[in-house]
Amino acid sequence: MDQDLYKLEGVSYSYGEFPALTDVSFSVRGGECLAVLGANGTGKSTLLKILNGLVFPSSGSVAFEGREITEEGLRGGFLRRFRETVGFVFSEPDVQLFCPTVFEEVAFGPLQLELPEEEVSMRVEDVLNMLGISALRERAPHTLSSGEKKKVAIASVLAVNPDVLLMDEPTNGLDPRTQVWLLELVGGLKEIKKTFVIATHDLSLAEDLADRVVVLDESHSVASVGPTREVLEDKDLLLKVNIIHEHAHRHGSLVHRHSHGPYATHDEHD
Amino acid sequence: MAQTLKIPEWLKETRRAGGPGDGGGGGGGGYRGPGFLEKNLAHVASTVRWLMDSDDSASRPGLLQGLDSRARIAGIFIILVAAAMSETTVELAGIIILTALLTVSSRVRFVTLAKRILPAFVFTTVITIPVFFGFFSPGPPGTPIVGFSVLSLEVSMTTEGLSTGAFFITRVSAMVALAALLVLTTRQTDFFRGLRRLLVPGFFVTALFMTFRYIFILLKLFEDATLARKSRTITRPAIGSSQRWFASRIALFLKKSLAMAEEVGMAMASRGFSGRIRTVGGGSLKGKDYLWVGTSVFVLFLSLGF
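Chains as they are written, first to last, in the numbering used here: chain A, 1 to 270; chain B, 271 to 576.
It is worth saying that the hints were derived from the structure and are not from the lab.
None of the values given here were measured: they were computed from a predicted structure.
Mixed in with the good hints there might be a few duds.
[As the list claims (entries may be wrong)] Listed next, with one range per pair, are the computed distances between beta-carbon atoms:
| id | chain 1 | residue 1 | chain 2 | residue 2 | range |
| --- | --- | --- | --- | --- | --- |
| 1 | A | 137 | B | 506 | 47 to 55 angstroms |
| 2 | B | 554 | A | 226 | 53 to 61 angstroms |
| 3 | B | 567 | A | 67 | 52 to 60 angstroms |
| 4 | A | 227 | B | 532 | 32 to 40 angstroms |
| 5 | B | 276 | A | 226 | 30 to 38 angstroms |
| 6 | A | 40 | B | 276 | 22 to 30 angstroms |
| 7 | B | 555 | A | 81 | 37 to 45 angstroms |
| 8 | B | 511 | A | 119 | 55 to 63 angstroms |
| 9 | A | 71 | B | 555 | 42 to 50 angstroms |
| 10 | A | 119 | B | 490 | 32 to 40 angstroms |
| 11 | B | 507 | A | 40 | 26 to 34 angstroms |
| 12 | A | 116 | B | 555 | 21 to 29 angstroms |
Yeah, the Cβ is synthetic: ideal placement off N, Cα and C, and Gly gets one too.
Go ahead and model the full structure; you've got the sequences and the hints to work with.
Now the structure itself:
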């Protein structure tokens, strides 16, 4: 892995009196896929917005390539470089798709970065072809299915050619076929050294893609950071942060208790 | 440790046939169909969708459909200005004939067009009614068409009033017909793209498109909330309860629309938006586009009395 791309130290953020993140510290290395795991409402989406410079910490600091991301600092040349380098795929594609056609949607990012029109058109066509959605180019985004919207949302970010992709709950609302498509896409992009930070509560997604995992607990703090297998095998940790739950069912007179999630074991029999 | 699910006894009871409300009789005071709010909401949603739906006629081959969207929008706009400037019956009749010819040559059904004009026609007629009468449009003395007295006050329609009112109603209807013709012959995507490629500021077009785009999402949310309430409603709720629910939903949707606006703003900022929207330029206009715009300008000159 490369050196640290992001470095978060003691980051806290709150919505009024409700804390969203409390004293969060970790780093993201260049070229890795980092999964941010946590139950609903633990602050995963807020964390990604902070990494994308859309909201700023109430306390603590976030540095990108050694330079602190602040509201005052994210301007001019640094803002341009940051927006070129970091792409954000929102959880809800409807908020991300605001242009009249798919073509214009995918072209929006490169155009805002003032790339020449010929290059923008070339990039849009290439990305649409790569994702297999060329047939949608003249469609209005709001007429698409959930899976198609997600593909267009990803295409709209990829057209900027970011080095870092932040993905918020990327498999939410997708059918199994599109989920597999997404896994293959991220796997392919990992091979060309794109960096991923994926917020999810889908353990199988983390298991398949992530090199490392950050676990957020319900007090909005980091419960654990480590290699994926090591974290996912820590059943007590996953139970404690409410990502998995224990389940009991009967086979005749025998009661099985086991956890739901990866590496689940039938470890208690009554 | 896994927690055992404790199901309350009442939850284990099942409905049995023959209970209250079964058999189609009894159950007095039951749900009596959709209420005022539900019906109106459904009508508003379907009307907005219907008004904006043009993909069927817009995809047919026709005169207007064959033009570049920039030329189509610009030409119709110029004729709209001509209609607004027209002062004589001949000028107005010319614009109506032109609209009819465009309707036929663009293969738009007159019934479809008439349905879109009707609400504007009725509304305009209602607000124009006072103009028909002598106290607004005094005509030559002794020439009332219809006269009657209200509370010992003599009220009469005058020829002057009728002709002024009819001209106004016809002009408004003609303008609505032209606007409807544009909507019916232009796909939504072409319409917004056409606006962008004209000299309309990008930010204005984006704001217009986003209003159009997100109003459907919010309408859908409102409809779903109404249906969710309906699914748990057995008797028709009291009017006060409905009003409170409606007020609470309005507040909720205001909050939701603000949250959505904030998210959309973030999504735009995330992709490099910094206050100025840039778009891909369009292709060049063809001879027929120039001919159409030229004809529209000619109509405008005629309406100005040249």
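Verification of the supplied hints:
1. 137(A) x 506(B): 47 to 55 angstroms: holds, 49 angstroms
2. 554(B) x 226(A): 53 to 61 angstroms: holds, 59 angstroms
3. 567(B) x 67(A): 52 to 60 angstroms: Holds - the Cβ-Cβ distance for residue 567(B) and residue 67(A), about 56 angstroms, lies within 52 to 60 angstroms.
4. 227(A) x 532(B): 32 to 40 angstroms: For residue 227(A) and residue 532(B) the Cβ distance comes to about 36 angstroms; the hint holds.
5. 276(B) x 226(A): 30 to 38 angstroms: holds, 37 angstroms
6. 40(A) x 276(B): 22 to 30 angstroms: At roughly 23 angstroms between Cβ atoms, residue 276(B) and residue 40(A) fall inside 22 to 30 angstroms, so the hint holds.
7. 555(B) x 81(A): 37 to 45 angstroms: holds, 39 angstroms
8. 511(B) x 119(A): 55 to 63 angstroms: holds, 59 angstroms
9. 71(A) x 555(B): 42 to 50 angstroms: holds, 45 angstroms
10. 119(A) x 490(B): 32 to 40 angstroms: holds, 37 angstroms
11. 507(B) x 40(A): 26 to 34 angstroms: The hinted range 26 to 34 angstroms holds for residue 507(B) and residue 40(A), with Cβ atoms some 32 angstroms apart.
12. 116(A) x 555(B): 21 to 29 angstroms: For residue 116(A) and residue 555(B) the Cβ distance comes to about 23 angstroms; the hint holds.
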